[in-house]
Structures are given as C-alpha cells and as structure tokens.
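Chemist: Sequence:
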Amino acid sequence: MSTPEYRTDLPGPIGGPGGGAAELVTLGETMALLAAPRVGLLRHMHSLDLSVAGAESNLAIGVSRLGRRAAWLSRVGDDEFGRLVTATIRAEGVAVYAAVDGTAPTGLMVKERRTDTATRVQYYRSGSAASRLSPSDVDESLVRAARVLHVTGITPALSGTARDAVHAAVEAARGAGVAVSLDLNYRAALWDAATAGAELRELVARADIVFATGPEARLVVSGDDEAALAAELAKLGPRQVLVKRGSRGVVGLLDGTGYDLPAKPVRAVDPVGAGDAFASAYLTEWIGGTAPEGCLHAATVAGAFAVTVPGDWEGLPSRAELDLLGADSDDDVQR
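In numbering that gives the first Met the number 0, the protein residues as written are 0 to 334.
The reader is advised that the hints may include incorrect statements.
[Unchecked claim] Below, in silico cross-link-like pairs of lysine to any residue (SDA-like), each with a Cα-Cα straight-line distance of 25 angstroms or less: (1) Lys-263 x His-43; (2) Lys-234 x Asp-254; (3) Lys-234 x Ala-192; (4) Lys-263 x Ala-227; (5) Lys-234 x Arg-217; (6) Lys-263 x Ala-192.
These are calculated hints, taken from the structure and not from any lab test.
Input sequences plus hints: build the corresponding full structure.
Modeler: Okay, structure coming up:
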C-alpha cells in the first residue's frame, strides 16, 4: 500500500538549515489547496490558485525559515497533489517523512474569500491518505532526538489510527524528555465539541507548551477571560500556556508568570495560518533559549506577517525579516 518514494533523511534536500537531527518534529495532514484569487462567490471564479496547506507543515516551514531544523511526518496519496505537497514542503528546507499511499488520495482544501474580511474553507479529506496515519508511521528515533514534538488537535480528529499515531509520538517524546507542544486547533467540520474537548483535555495534560484561542480553551476548561483560561489550562499540567486573541494579541502564563502582549497592527489580507506562524516563531525562540518576552515578541511579529499575504504559509518571515514590522522609518522602500 505504501512505498518510501518520498521518504528522506535529514536535512531536507533543498535549502535545509544545516545537518543533524531535527530540532522540531511534527505530524499531521497537509492538503492541496485551491484558493479563489479574488473576493466573491466561488462559483463565479474562472480559475483557482493551487498551493498546499496544513497546520503542522505551516509550522514546520515557519521554524525552518527562522533557522531551525524541522521535520514533518505524514502520509500522502500517490497522485499529483501528493507530489506537490512533498515537493513544496521539502523546498522550504523541511525534512519530509511521508509514506505514499497507493489506495487513498491526498486531501483537498478549498478556500473562498467571500468578503474582504471573511474567508470560508471547505475540506475534502474524508478517507484521505493522511487519515490512515497510524503509530507505524511515527519514526520514534526522530522524535526522541528532537527538542520539541509539536502536535495539534486536528490530527486525532482524522481517524482512530491517526489519534493513536499522535499518542504514540507523545509517549515517545515524553519518554525521552522531549518537550511536547500542543496547538488545540479545533476544527468543527471534523468532530463535535464534546468529543474534541475530552481528547484535547487528555493531550493538554501531557503537553509542556499549549497554544489555544479563547473558544478552543473553553472546550477544555472554564474561565471568564483569557487570563483565567490560561490559568485553568496550566492546572492540567503544561508549564507554558498561550491564549491567542487575534488582533488583540496574546495572554500567556509562562512558568507561573503572566504576560499580556498586544498584536502588531497590520492590514490583514488573509487570516488563515496566523496561529501556525505565531506558534512557529514562539517555538523557534524557545528552542534557542530566548527569554519569554523575546519568544512572545517574535511570535506576535510572525503572526502579523502571516496575515499580510494570501496563503497559509507564504507570508512566514525569515530571521532577517523579523525586525521589519517594528522598524521606525518613514521610508517603506528598502534599497
């Protein structure tokens, strides 16, 4: 059913940031993305832009662009979409560990820009190759050699075996003393709130770093505001909890200390992928030993970058670009 055609050793063959084991490992589904090129109903579009998208690969690309070694584990179909997915992620310097499934297709995501501020997303991922992820797809030696394992609430929603793969990876990480990062990333199209809440609560209790929005946090705990939600999530076990507030910034409870940081003011073009950008920069800085204030600053800058460009990952900044949004200059043209 699968072949190792797309499986590679570290570092990624194109643009990999140096040799050695991956510092961050993640696993999950990346889909082909068909996006409307302009605002309006999808049925009135005469063409669609083709790219790829997936929360976990978005994050891995963000980490790679910021100079750390990242690896992505998954499954893809033996089709052109699957080849596009793996080629795109590899080209961003991420090491790809993806089994090719000859009997299931690569998932598909369709994005519609209904208004200047409203984006609608549809998924065609039922029965996809990535929904067949299982513990046998988890390279435990890769996980044990990393600094961080990053998982999301999307993957366990895909199937029972995908859920088992996430738990196998988490157990491998915890057994080796590797930090576990979790982004709740609730997708209502994949499972109901009650089922998601029970699973996410279990994962939060086994994580070291947790990212959530306010509504996502309320699937797991109760709280009047973001600070209270962060405190309740922290009681379950994680040392660092970050509750994202979109254009209002982020509230964090990091090793017992509270933080409240505003967002960077930018003109938003496409909000999808901002949370992945935020988490990618935060984890990159955390791996490098940066103080919490520096981690939060980099994360808010990366999140702001992501929303200024159409696409889920295309706007992710490089290390050299992180200072652009904070520059005090009347000259917007770099020469």
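Chemist: Does each hint hold? Answer for all of them.
Modeler: Status of each hint after checking the structure:
| no. | hint | verdict |
| --- | --- | --- |
| 1 | Lys-263 x His-43 | violated (34 angstroms) |
| 2 | Lys-234 x Asp-254 | holds (12 angstroms) |
| 3 | Lys-234 x Ala-192 | holds (21 angstroms) |
| 4 | Lys-263 x Ala-227 | holds (23 angstroms) |
| 5 | Lys-234 x Arg-217 | holds (14 angstroms) |
| 6 | Lys-263 x Ala-192 | violated (31 angstroms) |
The structure fails hints 1 and 6 (numbered hints given earlier, in ascending order).
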